[in-house]
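Student: Chains as they are written, first to last, in the working numbering: chain A, 11 to 130; chain B, 9 to 122.
Mixed in with the good hints, there may be bad ones.
Part of the chain B face toward chain A, derived, beta carbon under 8 Å [unchecked claim]:
id: 1; residue: LYS50
id: 2; residue: GLU64
id: 3; residue: PHE69
id: 4; residue: SER95
id: 5; residue: MET97
id: 6; residue: GLN111
By construction, these hints were calculated from the structure, which means they are not laboratory data. All of these numbers come straight from a predicted model, not from anything done at the bench. Glycine is no exception: its CB is placed at the ideal position from the N, C-alpha and C atoms.
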Amino acid sequence: AQKVTQAQTEISVVEKEDVTLDCVYETRDTTYYLFWYKQPPSGELVFLIRRNSFDEQNEISGRYSWNFQKSTSSFNFTITASQVVDSAVYFCALPAGPNAGGTSYGKLTFGQGTILTVHP
Amino acid sequence: EPEVTQTPSHQVTQMGQEVILRCVPISNHLYFYWYRQILGQKVEFLVSFYNNEISEKSEIFDDQFSVERPDGSNFTLKIRSTKLEDSAMYFCASIRERGNQPQHFGDGTRLSIL
């Protein structure tokens, strides 16, 4: 069975601090994808990034960067110079791969989420 | 960019009443999902739907729940006799191909059972 763990329930930082959100996953798939979603106070789920297990190169997009390490089954997300607008719940998610069984393929397993609060 | 749309955004219903949550997935998508998020908790899978039938359902998706795609565009989730514990945010999602594509989520319907 797939599992995603986000051990940090809540993080509070002051604006301009860097913050890293942790995600650890379990899967039996040999190739897989991982996603991060943002849920702002308005409640919708906003897709942020997709990474595949073939590519462990870190990715940077503006103030966001992701560190994917297959050896430790971690997919961490860093926000540099945080801003108040970054305040949200962040979810790491793992889609079931083809080895999960045909009907489960594609189903997302979410972590518990990390509540990030950025204070001015 | 095409979006998944959900209506209503907020539904308030008396316990025991039937409720239908509506979703319009992205038009060329083939796989459809409902997820539920109880306030303050994680997003949980409810059901997946493909080729006009349920592909998989979770333990949460009991006999009180049903889904259908009545007209090729709408995708509905029906709860026959609502309970207090059905109060949650319900998200619809769709995808064209499984596995490597992120699911596109609607903005959710907040269901409040009184």
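Student: If a hint holds in the structure, say so; if it doesn't, say that too.
Tutor: Verification of the hints:
A least Cβ separation of about 5 Å between LYS50(B) and chain A falls short of the 8 Å threshold, and the interface hint therefore holds. The criterion of a C-beta within 8 Å of any C-beta in chain A is met by GLU64(B), whose closest approach is roughly 4 Å, and the hint holds. Checking PHE69(B) against chain A: minimum C-beta separation of about 12 Å lies over 8 Å; hint violated. Hint status for SER95(B) relative to chain A: violated, with the closest Cβ pair at about 14 Å, above 8 Å.
Because the smallest distance between the Cβ of MET97(B) and any Cβ of chain A comes to about 6 Å, under 8 Å, the interface hint for this residue holds. With its C-beta approaching chain A no nearer than about 6 Å, GLN111(B) sits inside the 8 Å limit, and its interface hint holds.
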